[in-house]
Amino acid sequence: MLLKLLVFLVPAAFASDPTQRQLKPVKGVPHSRLHLYQPSTTDTFRCIDGSQTILYSQLNDDYCDCQDGSDEPGTSACGNAFFYCSNVGHKGNFIPTNRVNDKLCDCCDGSDEYDSGVTCPNICDELGRAARVEREKVANVARKGFQKRQEMAKEGQTLRDSKLKDVEPLRQERATLEPERSRLEQDKKSAEEAEKKLQDEHRNQWEVIRNEKKKLRAAEWFEQLDLDKSGKIDREELRQNLFLDDDNDGFVNEDEVKAYLTIDEADLEHFQSSMYDRLKSAKNRHLEEARIKEEDERERARALENAPDDDDLLAEEDRHEGEAAEPINSEDEDDKMPEYPQEVKDAQEKAREARRLFDEVNEKTGDLDAKIREAEDFANSDYGEDYSWAALKDKCFDRNVQQYTYQFCPFGQNTQKDTGAYSGTSLGSFKNWSGPEGNKYSKMHFGDGQQCWNGPKRSTDITIECGEENELVEVTEPAKCEYLFTFRTPLACSDPDKEVVHDEF
Amino acid sequence: MTAGSSWIVPFILLASPLAVEMVKREEFKTCEQSAFCKQHRSISVRRGSQNHHNWSLQEPTGYELLANTISHQGAVWTASLQNSQNTLKLNVIGLTDSTVRIQIDEPETAIRKRYVPNPSLVAVPEELAFSSVDNGAQEAKIVGGNNKVKVVVTYKPFLVSIFNEFDELVAQVNRDGKLKVEEFRTKEEGKEYPEGFWEERFKSFTDHKQHGSSSVGVDISFVNFKTAYGLPEHADAFALRNTVGNTDPYRLYNLDVFEYELNNPMALYVSIPYILAHRANRSVGALWFNAAETWVDTQSSVTSKGLFGKMLDKVTGSSDNVPHFDAHFMSESGLVDIFFFVGPTVKDVQRQNAKLTGTTPLPPLFSIGYHQCRWNYNDEQDVAAVNKGFDDHDMPMDVIWLDIEHTDGKKYFTWDKHKFPTPNDMVDKVSAKGRKMVTIVDPHIKKDEGYYVYKDAKDKGLFVKRTDGSDFEGHCWPGASEYLDFWHPDTRSYWKDQFSFDRYSGSSSNLHIWNDMNEPSVFSGPEITMDKESIHYGGIEHREVHNMYGMMYTSATFDGLMARTEGKERPFILSRAGFIGTQRTAAIWTGDNTADWGHLEIAAPMTLSLSIAGVPFVGADVGGFFGNPDEQLLSRWYQTGAFQPFFRAHAHIDTRRREPWLFSEQTQGIIREALRTRYALLPYWYTLFQQHTESGVPPMRPLFYEFENDDSLLEEQKQWMVGNGILARPVVEKDTFNVQVKLPRGEHQKERWYEWISGAEVRGESIYVDAPITFTPVYQRGGVIIPTWQRIRRSASLMKDDPLTLFVALDSDGNSKGEVYLDDGTTHEYQGGQFVKASFNYKTESKTAAVLVGEHIDGSYTAKNWVERVVVRGVENAPKKVEITRLSDPFEPLQFSYDRDSKVLTIRKPEALLTSSYKIHIEF
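Protein chains in written order, with the UniProt record's numbering: chain A, 1 to 505; chain B, 1 to 924.
Where hints are given, some of them may not hold.
To be verified - Below, simulated DSBU-like cross-link-like pairs (lysine-lysine); rule was C-alpha separation at most 30 Å, straight line:
#1 B/LYS734 to A/LYS457
#2 B/LYS433 to B/LYS734
#3 A/LYS27 to B/LYS38
Claimed, not checked - Just so you have them, the derived chain A footprint on chain B, three or more residues with Cβ under 8 Å:
#4 428-439
#5 742-750
#6 790-798
#7 883-893
It is worth saying that the hints were derived from the structure and are not from the lab.
Computed from a prediction, not measured in an experiment: that's the story for all the values here.
The beta carbon of each residue, even a glycine, is placed where N, CA and C say it ideally should be.
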C-alpha cells in the first residue's frame, strides 16, 4: 500500500549521528530509541521494518501507515505497536498501543491518556517508593533465603557425599562375599541334583509295581463285566452298568456305551489299555454324584422337618459315607508311593543344608545390593543445581484449607485429607521438575494420583517461590482434581546482590 | 449445567459403566408413551394418500361448520363446528400486517376456561376489521382489511384455506381432518373413559388429570411449499425432516436433557411452536399459540392438483402435482390457536411474527462481545487471574461468568464467604477494564428456613403448589427445593425487588444475570421436570403452561434488572429455557453441548432455527460443555462462534481448564485472531441488532433470507449470513482443510463476493477453498458496506468511541451501500434519540468518477466516532485523485493507495464524523 507520491523520497538513513545532536522527542518512544524516529533531511520517516517511507508529519498522526505499526508509537492507530510510559520516579514500561487513550490509566505518569478526556494523576513517585520498599523487602528475604539455601546445599551435598561414601565399603563387602556366594550356589546345585536323581529312581521303581497291580485289578473287573465269560466285553454287557448313564435318564443308551467302548467288543488287553481308567473314573464320579445328591436331599429334609432328631440324621450320614467311600479308598491305597528309603532321605537332608547355607549368604548380598542401589538412585536424582533440594527429601509440608489438610512431600507423594483424618487421598507422586527452560527448578509436577470420579487421575503442579522458610503457602484446585500448590522455600532464592535489574526492553 | 451432572450421573454410570450412548432416552417419553400423542397421531388422513402406516388408524374426525351459526363483527368472524363427539367454536380474527388468527375453542358452556399464553405476546394483537365477508352456501370468503390476506372457510368437511396478497393459496387447516379437541370433564362414576384419560403413568410417576384429558390437535398444510423450518429447539437439521413414518414427531416440551443426542426430534430446553415455510420468493409462517406439551408430525409430499379444487386457481406451474408441507400439531391442553403470517416474502413474515411476539431489545454493547465462562471460576483470585490473563495475552474479552459454585450452598443471591468474601471489590476490579460479570440465579429455591428468599416466598405463598394445596417440592442443585410461581403477581413483584442493589448484596450495574435450569429442571421429577398436575396461581395446571415457565421466569428477572437502575440501563440475561416471546427478555444458548465435532456442526442449524423463529440472540457453548476439546476442535469452535450472535466459551466442572493461553502458541494465535475478527465487526453486529428491533430480521440468517429466489439454498446449514453482507462458512469438520463454499449468484446472476480478510474478489458459484487451521472462510457480498472497528482494545466498551474503517465491496454496477448505528452502548437513552445512525452510499457515476456519500440520517447523540479509513474492494483501476467535501467546504485532497493485485483501494483518513455529512469524490 505504498503511496505513489512518496515513492521518490529518500530514506532517512543518512541522518547525522544521533548522539551528536538534540533529539526530537516523539510520543510513546523511549529515549534509547529516539534516534530511530528522527526526521530525514527531506522530512520523512522510514518505517522501522524498512517497508515504507512516509511524511514525517504522518508519524503519530493517528493513522496507521506502517505495516509494523512503527509510525504510531504514541496513538492507538496501529494494532501491533507499543507505547512507552517513561514513568519518571518509578519504572518505565511499554504498553500495547491499544491501551492509549482508552479512558483507562495504564501508565503511572498518566501519559497514555493524553486525549481521551480522562485525567490520570501521576502516581509514579508513590508507586516508585512503594516498589522500592517492596524490592528491598524481597531482597532481604532473598538474602536470608539465599544464605539458608547455601547451608541446605551443603547439607544436601553432605548427604550425597555420605551416601556415595558409604557405598564404596558396601560394594567392597559385596565383592568379598561373591566368591562364597557362588561356591555355595554351586554346592546347592549339586546337592539338589543328587537328591533329585535318587528320588526319581525310587519313584520309577514304584511306578512299575503299581502298573502291575493295576493290570491285576483291571483283569478282576474285566471278569466281572464279562457276564457271559466269553473273554470279551461287548456293548450289551457294558450297558448293564448304570454308572455309565451320563445324562441321568435312568438307563444306559447306545451313545453312552459307545463313548467307552469304541469298538464292537473288547478283549482284556484293550480293556486294560483303553478302557479301565476311564471306566474307573466314571464309576467314581457316579458314586460321588450319588453321595452329593443324597446329602442335598437330607439337607432339604432337615429344613422341611424343621430340624428333627439330629442323631438319626447323623447316623444315616455315617452309614452312607461308609458305603460310598469304600471302593475308592481301597484302590487309592495303591496310588500312594511308599516312603523313601534312608539313602534318599540322607540326600534330601544334604540338599536342605546346602540351600540354607546359600540362602544365608544370598540374603546378605541382596541387602547390600539394595543399599547400593538406593545410594546410587540418590546420587542420580535431580536435587537442583546445588543439590540443596536433597535436604528436603523425605520431608513434608502441610497446609489447612477449610476442612482439608494438604500435604506436599517434595520427592514423595502429595495428599489431601479431612483435617484430623488418618489417611488421605493421593494428589499424585513426584514426576519431574517442570519449570520452563532456564528456570527448571521453579515448578514441580506430581502425577498419577488417585483416580477422580468422572475425571482424570489427580495431579499437582507446584510453583516454587523464594521465601525465608519452607512453607506451603497456597493450595488451589483450578480444575477438578488438578491441584496447584505454591511452595515458598529458601531453595528458590538467588543472591539478590548479584541479580541484574532490567528496566527497559 | 444439566441435571445429570452430579445428581443423575452416579446412577447412570453405576447402571451401565460401559455405556457409550449418552442421553438416557428412557428418561423421556416417546409419543407412544404419551396418551394424547398416541391418540392424535393415530387419526388417519381424510383423503386417500400413500402415507398410511400400520398402526391402528382412527377415521378423520369429521367436523362440519354449521352455517346458521355464522356471525361477524369488525375483525372477528365466528361460527360453530360439530362432529359426532362435540361442538366447538371457531373464531377467524383479522389482524394488522397480513396476519390472521384461527382459533378453535370449546363453546361458552365449557366447565373451565382453556389457557391462552397471552403473556408471551408483546401486546394484545391489533385487530383490523375485514374489508369484506361473503358467507356463501358452501363456504365463506373473508378478506382482510388491507386486502393482503384472505381466508376461505369451507363448511363440509370443515376446512380453512389461507391466501396471500397475490391470492395464492399458502396454507390450509384441517385438510386431513385431524381436528380434535377433548373438552374438560367432570368424572362420572361408572362411565368408561379412554386409556390415560384421568391418570397416566410414566416410570414411577403418576400424573392425575384433574379435569380429564383436554388435548387439542389439527393438521396445517403449507401449500406449494416443499421445505419448512422452525420448531426449535432440536439438535437436528435446519430444514424440518419428515417425521411421519420415520421417527417420533418433533417434541416441544422444555426439558433438561443430559448429554443430548444429535439428529433426532427429542425435546430440549426451548419450545417455540412456529413453522416457517419457504420457496423461491414466497414465505408463510404459522405460530401455534399453545404453552402445553406439543408434538408435531411433519411431512413434505406432493398431491395431485385436482384434490385442491378451485382453491388452487392461482397456483401456477404446469405440473399436475402440488407440493405441500404438512404439520400435524398435537398439544396436551390449551386451544387450537394459530397465527398465520402470509408474507409474502420471508422478511415480511419475520416482521409480522415480530410485531406479535416482539423482538430482542437492543442489547448492551458488551453482550455482543466475547464471554468467558466456566463451571466454575473458583474464587476471587481465580477471577482476577482470568481477567488479567486476557490482558497479558492481548485478547479482548467482555464478561466473566460465575456458575452455581459462587453461592453459599446454592442459595442464589448469596456468596460463598470463603471464596468470594468481597464480591463488590471483585466486580469493580473486573469492570475497571470496561468489563462486566454475570452470576447465575436459578428458579429453584433451597428449602432452608435460614435462607431469606425461601422464608419470604414461604410466608407470602409464592411457590408452585401440589394438588392438595401444599407447596411443590423437588430436588435440584441445593437438594430439597421449591419453585417460584411466576404466574402469581406477588411473585413477580417480589422477584423484581430481589435485584435491587441493596437487596442483592455484591451486585451492581456491572453484574448481569444468567437464568439456568428454568425448564424447570427438577432432578426428582418425571422427565427431570415438574409434575404436570402441579398448580399455579389462579388454579392453572402446570401442564397448561409448562413450556412458558422459563420465559415467565426470565421476564420477571428482566423487570428486576430494569427496576434496579430505574430503567436507565439495559439488562442482559441469558436463559436456557425459552418460549414464544423469550426474545424480549433473554438471550438463549443451546444448553449443555459436548466437545465433539458433531456438536460444533449442529450449532449453526440450531441457532438458525431459533433465529428464524424470532429468537435472534443465540449461541452455543464454545469448546463444548462436556468433555475436553483438542486444540483443533477448540480453534475451529472459536472461529465459528465469532460469527454466531452470542459468543461464550463455557466448560463443565469435570473438564480441564481451557482459558485460551493454556494452549499452544498457534492455538492462542488462532483464538486471538477469532476474537479480534469478532471485535472488529462489533459495529456491524450492533447495527444488525438495532435493525432487528425495527424489522424483526435476525442478525444471523439462513442464506435464503438474502437470496430468496434461490431454491438451491433451502437445505444449506453449514454456511449462513451475518446481516446482508457477510457470508460465513467456518470449518466444522475434523481434519478438514479444504471446503466447498457456495457463493450465490443472486436473482440477476451478478452477485460479486470478496474474501473478507484479503479483500480479493472470489469468482465462481461453488468454489473449493483452502482452509488451513488459521483460516476461516468468510466472504463479503458486493454491494454492501461493512462498518468496523480496527483498534481492538481490551473490551468493547473501551472501543465505543473509536474511529471506523469502512469496507466497501462493489457490486457488478460498481455500487455499494451500508449503515451504522451507534450509541452509548449501555443505557436506554437511545430511546430518546441519543444515538447516531449514518448511511454510506458508494456510487460509480461514470468510468471516471465515483462518489461515497456519507450521511447522518438520524439521532442526536454526539458520537465521537469518525471514519479513519475507507477500503474499497473490487476497484478496477487506480484513481487519479481522491477528494472530500464536507457541507459547503472546498474540496480537500485525501491520500490513498491502490493494490493492483487485489484491486483494493484504501482511502487514508477522511476524518469524517458520523454525525456529519460528507462526500468523497474519486476520480479515475
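Results for each hint:
Of the pairs offered as hints, the one joining B/LYS734 and A/LYS457 holds, with about 28 Å between alpha carbons and a cut-off of 30 Å not exceeded. With a C-alpha separation of about 36 Å, the suggested pair B/LYS433 and B/LYS734 falls outside the 30 Å cut-off, and the hint is violated. At roughly 76 Å between alpha-carbon atoms, A/LYS27 and B/LYS38 are farther apart than 30 Å, so this suggested pair is violated. Look at the segment 428-439 of chain B against chain A: 3 of its residues bring a Cβ nearer than 8 Å to a Cβ of that chain, three or more, so the hint holds.
Remark: the segment 742-750 of chain B is not confirmed as covered by chain A, as 0 of its residues place a Cβ nearer than 8 Å to a Cβ of that chain, below the required three. Only residues whose beta carbon comes within less than 8 Å of a beta carbon in chain A count, and the segment 790-798 of chain B has 6; three or more means the coverage holds. Counting residues of the segment 883-893 of chain B whose CB falls under 8 Å from any CB of chain A gives 0; the rule of at least 3 is not met.
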